[in-house]
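2 protein chains.
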Amino acid sequence: MHNGDFVLDPQLAKDCFEICDLPLSKILLLNDSQYPWFVQVPRINHVSEIVDLNEAQQSQLWYESRILSELLVAQFEPHKLNIAALGNIVSQLHVHHIVRYHHDASWPKPVWGASPSVTYDTGSHTKIIDIMRSELEQKLC
Amino acid sequence: MHNGDFVLDPQLAKDCFEICDLPLSKILLLNDSQYPWFVQVPRINHVSEIVDLNEAQQSQLWYESRILSELLVAQFEPHKLNIAALGNIVSQLHVHHIVRYHHDASWPKPVWGASPSVTYDTGSHTKIIDIMRSELEQKLC
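So the sequences go chain by chain: A and B.
In terms of numbering that gives the first Met the number 0, the first sequence opens at residue 0 and continues consecutively.
In terms of numbering that gives the first Met the number 0, the second sequence opens at residue 0 and continues consecutively.
Quick caveat, the hints were computed from the structure, so don't treat them as lab data.
As the structure is a computational prediction, the values presented were derived from the model and not from experiment.
No distinction is drawn between identical chains; accordingly, a pair holds when it is met within one copy or between any pair of copies.
Below, a list of computed lysine-lysine pairs in the DSSO-like style, where the Cα atoms sit at most 27 Å apart:
#, residue 1, residue 2
1, Lys13, Lys108
2, Lys79, Lys25
3, Lys126, Lys25
4, Lys79, Lys108
5, Lys126, Lys138
6, Lys25, Lys13
7, Lys126, Lys13
8, Lys79, Lys138
With these hints in hand, go ahead and build the complete structure from the sequences.
Okay, structure coming up:
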């Protein structure tokens, strides 16, 4: 499923840090320190809906989502995971995986538009990226 | 995967119309006429996260989501599908499938909290329910 010609949407590239590439998807950390917020982007150009992927790709998408979600549960012990493919603004298919806590900035609202983003201090996101990259590489990268 | 002991969350029961039961999931129409808004609820008690389902159940969840999504594309020709498992308020696992248009009440915002719900006029939801039940029954019920 390698796609060397894949181009990440410029808005996602601007808003996120790259963690690693799984067989299908690129995994990103959104630059908002209010939530551990990960974005899964299938590395296939010109796809905006999940049903635009073929069946094998959809199976792989959800397999990778499951591995990511299990790691998030283990690493962050969320009160709730929010998993969502919206894409109303950035049309390139991407699936949000957001760790939510009862005490977070927007609980119980969905995160989008609820609280202005707070970027990570210089370097403070690297620990999250390193841990997640290491764990994902052991599983899938 | 039949579960005769399943109890639908009272809030979902209050907010939605039942369409049909698929092998794993109950399919509901949310009573908000602003969007064709469907809710997929695995008929398993005491589950709030997708990763709480076993692997076979997760595969079936996404298979049924795919069939539902393909029908929504065919029936409603959305500009975008929004697919999301949030569950911050209603903890019983449920996956939203929302048909979005560029001219809808909240575009491009996510629907939650964006525009007060507008219930269907008496009977005006039955056409949607009948079509979706018929189509789903041909595929899966």
